[in-house]
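Novice: Chains A and C: place on chain B using the hints.
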Amino acid sequence: MLELRELQGAFAAHLKGEDRPDLTEAVVGDTISAAARLRIHRHHVGQSLVGALASTFPTVQAIVGEAFFRALAEGFILRELPAQPVLAEYGAGLPAYVSEYGPAAALPYLADMAQLDWALNLAFHAPLEDRLTASGLAGLPAERLFDLKPALAAGSTLLRSPYPIDRIWHASQPGATVGTVSLEEGPASVLILRRPDDAAFASLDTVEEIFLAALVEGSSLGEAAEAAVSVEPAVDPSRILGRLLALEAFAALQHSS
Amino acid sequence: MQPVAGIGLRSPHLAEIARDRPATGFLEIHAENYLGNSPAHRIVERLREDYEFSVHAVGLSLGSVDGLDEAHLDRVVALIHRLEPTLVSDHLSWSLADGRYFNDLLPLPYTEEALQVVERNVHHLQERLGRRVLVENPSCYLAFAHSTLSEPEFLAELTRRTGCGLLLDANNIVVTAHNLRLDARAWLQGLPPAAIGQYHLAGHAVNDADGEPVLIDDHGSRVGEGVWSLFGEIVRRYGPRPTLVEWDTDLPALDVLLDEARQAGRALGVEAEANARAA
Amino acid sequence: MNPTRVAIASALAAALVLPAATSQAQGNMEKCYGIAKAGKNDCQTAKSSCAGTSKKDAQADAWVSVPKGACEKIVGGKLTAG
Chain B
469 MLELRELQGA FAAHLKGEDR PDLTEAVVGD TISAAARLRI HRHHVGQSLV
519 GALASTFPTV QAIVGEAFFR ALAEGFILRE LPAQPVLAEY GAGLPAYVSE
569 YGPAAALPYL ADMAQLDWAL NLAFHAPLED RLTASGLAGL PAERLFDLKP
619 ALAAGSTLLR SPYPIDRIWH ASQPGATVGT VSLEEGPASV LILRRPDDAA
669 FASLDTVEEI FLAALVEGSS LGEAAEAAVS VEPAVDPSRI LGRLLALEAF
719 AALQHSS
Chain A
921 MQPVAGIGLR SPHLAEIARD RPATGFLEIH AENYLGNSPA HRIVERLRED
971 YEFSVHAVGL SLGSVDGLDE AHLDRVVALI HRLEPTLVSD HLSWSLADGR
1021 YFNDLLPLPY TEEALQVVER NVHHLQERLG RRVLVENPSC YLAFAHSTLS
1071 EPEFLAELTR RTGCGLLLDA NNIVVTAHNL RLDARAWLQG LPPAAIGQYH
1121 LAGHAVNDAD GEPVLIDDHG SRVGEGVWSL FGEIVRRYGP RPTLVEWDTD
1171 LPALDVLLDE ARQAGRALGV EAEANARAA
Chain C
1253 MNPTRVAIAS ALAAALVLPA ATSQAQGNME KCYGIAKAGK NDCQTAKSSC
1303 AGTSKKDAQA DAWVSVPKGA CEKIVGGKLT AG
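Protein chains in written order, with the working numbering: chain B, 469 to 725; chain A, 921 to 1199; chain C, 1253 to 1334.
In short, the hints are calculated from the structure, not lab data.
Where is the CB? At the ideal position from N, CA and C, for every residue including glycine.
Heads up, some of the hints might be wrong.
Taking lysine to aspartate or glutamate pairs in the EDC-like style, the calculated list, with each CA pair at most 20 Å apart, reads [as the list claims (entries may be wrong)]:
1) C:Lys-1283 with B:Asp-666
2) B:Lys-617 with B:Glu-685
3) B:Lys-617 with B:Glu-597
4) C:Lys-1283 with B:Asp-665
Ranges of calculated distance between the beta carbons of each label pair, as one might list FRET restraints [what the hints assert, rightly or not]:
5) A:Pro-1133 with B:Met-469: 42 to 50 Å
6) B:Glu-493 with A:Gln-1036: 33 to 41 Å
7) B:Pro-595 with A:Pro-1112: 40 to 48 Å
8) A:Asp-970 with B:Pro-642: 47 to 55 Å
9) A:Gln-1046 with B:Asp-490: 30 to 38 Å
10) C:Ala-1288 with B:Ala-719: 22 to 30 Å
11) A:Arg-1040 with C:Gly-1286: 36 to 44 Å
12) C:Gly-1286 with B:Ala-573: 30 to 38 Å
13) A:Arg-1157 with B:Glu-568: 40 to 48 Å
14) B:Glu-568 with C:Val-1327: 33 to 41 Å
15) C:Gly-1328 with B:Val-699: 24 to 32 Å
16) A:Ala-998 with B:Gly-561: 24 to 32 Å
17) B:Asp-598 with A:Ser-1149: 38 to 46 Å
Pulled out of the complex, with its shape left as it was, chain B reads as follows (with noise of 0.2 Å):
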């Protein structure tokens, strides 16, 4: 008899696909086997997690279809059950499982894509935070709007990749009306926010990202300003700043500084 530690790891190495007699013996079988009984289970986490997984990462899915989806989302949950219960926590290492993944050699972007779905849905479950607007940010002198280093509002994510994955997300829409994307067209920077009652990206330019990029590694507006101004002197960082504040990426300045 198997005390209830030792059922419940047997009962997990099942899960996880091992034979275990020691578990199958201390099931009651009858004209349905004690084998077939405990595959109910088995398939159920596995389809289970499927499924959650194509939820988080609908984009990968429709890009490689139900079928391979299906495959590569096996392979991961092998490597790496979830470790607590809420599903929509689950597939952090999806995107760099992709990367690694064998069958999907010939995809090379969709690591990326994986990662634009990841940060789409850490966005959706991040707290609506207060953004930093104009307004608030009116009668600030100059000199203190320069060295201001105003964070990323909660959910933000600044995601950098060597192919269009926008416009690859755009054509694997469900009912896409874009033709083709080709890979040359790329690369491409989106920022992921937290909306009122969404998740969204937006797409950058090469200056907002350089923009954005130092302030995301600890520059103020003034010294981002000037990555973007030493890249395109032309540009105009009030236009950079203006979308910026538009788009709602920061978070509103705490009351004390």
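Specialist: Chains A and C only, in chain B's frame:
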């Protein structure tokens, strides 16, 4: 809560329910879908002003030999303190082992050893919540040879030791009885009436294993005749309780779900007006 | 403040008095999820849980499976033969 019939609140119906506020006895959510900060949260918090709520956890893993996952428990406790639902429940099952979550309501052997594990976990949960919880009978696809108690005996003893309540799922009784060759009506005998706090109803599918029919608790169709019939027996024996219609797979239009809940209300002997508190 | 700093700072300050570009900027955003995707945890058993054979080899399955989806629209680049 009055013994009314309610529906499981599923996200594809959220916008419609928030807009139309249909009449139904109460709404039930799965705790694990509301532990983050998604936009669905805000909608539920607003709906809470107009509806009674039941919070049904699916991931506490009351049967885990290692005890409850404290980090997860903290989040569930916070949700329940914020939402203040009328009912709180989870299952007689386990899902976590060695820090891995299997997303299945896995079966326990019904032994004194397992009873002590579940007893400890339910005690701890009720202490953390400061309230009674309901424990639901699971759908079983297998039984362990070394079980010494029947499932209803195990549940009855659990309520005696912990003061917890029972959530009787009529569909799960039908599924378990069929799959384990038990008599569903015999299963009902000897439960402590005062402990029974809620009923669940759902549809199941028929599949086959080793060429024999097996009932699968897929929550993907209308409540079946056999389940309605057993539910009638339950209500006659134990009286009306708040009753939930669950639907998870192939979710139908909201009207279909509301219609199932109205039928459950009639089976409870509840007048339509009493069930329509949220209009 | 050196002249470059002054120029940058005043350019940044100009952003605060730009005509509200909010609607235009948000029009450039792709809404992605929608409320209907909020729930992933449920308590049903997958209908087809009895289907299939006893042993599965996900890796072997993977290699015989061919991507078949929107990838057909993604062209060019240095594709290695699949």
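Novice: Now tell me, hint by hint, if it's right for this structure.
Specialist: Structure-based check of each hint:
Pair hint Lys-1283 (chain C) plus Asp-666 (chain B) holds up; C-alpha atoms about 7 Å apart against a cutoff of 20 Å. For the hint pairing Lys-617 (chain B) with Glu-685 (chain B), the CA-to-CA distance comes to about 10 Å; that is within 20 Å, so the pair holds. For the hint linking Lys-617 (chain B) to Glu-597 (chain B), the alpha-carbon distance of about 17 Å falls within 20 Å, and the restraint holds. Between Lys-1283 (chain C) and Asp-665 (chain B) the CA atoms are separated by roughly 9 Å; this keeps the pair inside 20 Å, and the hint holds.
The beta-carbon spacing between Pro-1133 (chain A) and Met-469 (chain B), approximately 30 Å, falls outside the hinted interval of 42 to 50 Å. Taking 33 to 41 Å as the suggested C-beta distance range, the pair Glu-493 (chain B) and Gln-1036 (chain A) does not conform, at roughly 24 Å. With their beta carbons about 43 Å apart, Pro-595 (chain B) and Pro-1112 (chain A) fall inside the hinted range of 40 to 48 Å. Against the hinted window of 47 to 55 Å, the Cβ-Cβ separation of Asp-970 (chain A) and Pro-642 (chain B) comes to about 33 Å, which falls outside the hint.
Take Gln-1046 (chain A) and Asp-490 (chain B): their Cβ atoms lie about 34 Å apart, and the range 30 to 38 Å holds. Checked against the given bound of 22 to 30 Å, the beta carbons of Ala-1288 (chain C) and Ala-719 (chain B), roughly 27 Å apart, stay inside it. Checked against the hint of 36 to 44 Å, the pair Arg-1040 (chain A) and Gly-1286 (chain C) passes, with Cβ atoms roughly 42 Å apart. For the pair Gly-1286 (chain C) and Ala-573 (chain B), the supplied restraint of 30 to 38 Å holds, since their beta-carbon distance comes to about 33 Å.
The hinted window of 40 to 48 Å between Arg-1157 (chain A) and Glu-568 (chain B) is violated, with their beta carbons roughly 58 Å apart. Restraint check, Glu-568 (chain B) to Val-1327 (chain C): a C-beta distance of roughly 24 Å breaks the suggested window 33 to 41 Å. Taking 24 to 32 Å as the suggested C-beta distance range, the pair Gly-1328 (chain C) and Val-699 (chain B) conforms, at roughly 26 Å. Distance hint check for Ala-998 (chain A) and Gly-561 (chain B): the Cβ-Cβ separation is about 26 Å, which falls inside the suggested range of 24 to 32 Å.
Distance hint check: the CB atoms of Asp-598 (chain B) and Ser-1149 (chain A) are about 55 Å apart, inconsistent with the given range 38 to 46 Å.
The structure fails hints 5, 6, 8, 13, 14 and 17 (numbered hints given earlier, in ascending order).
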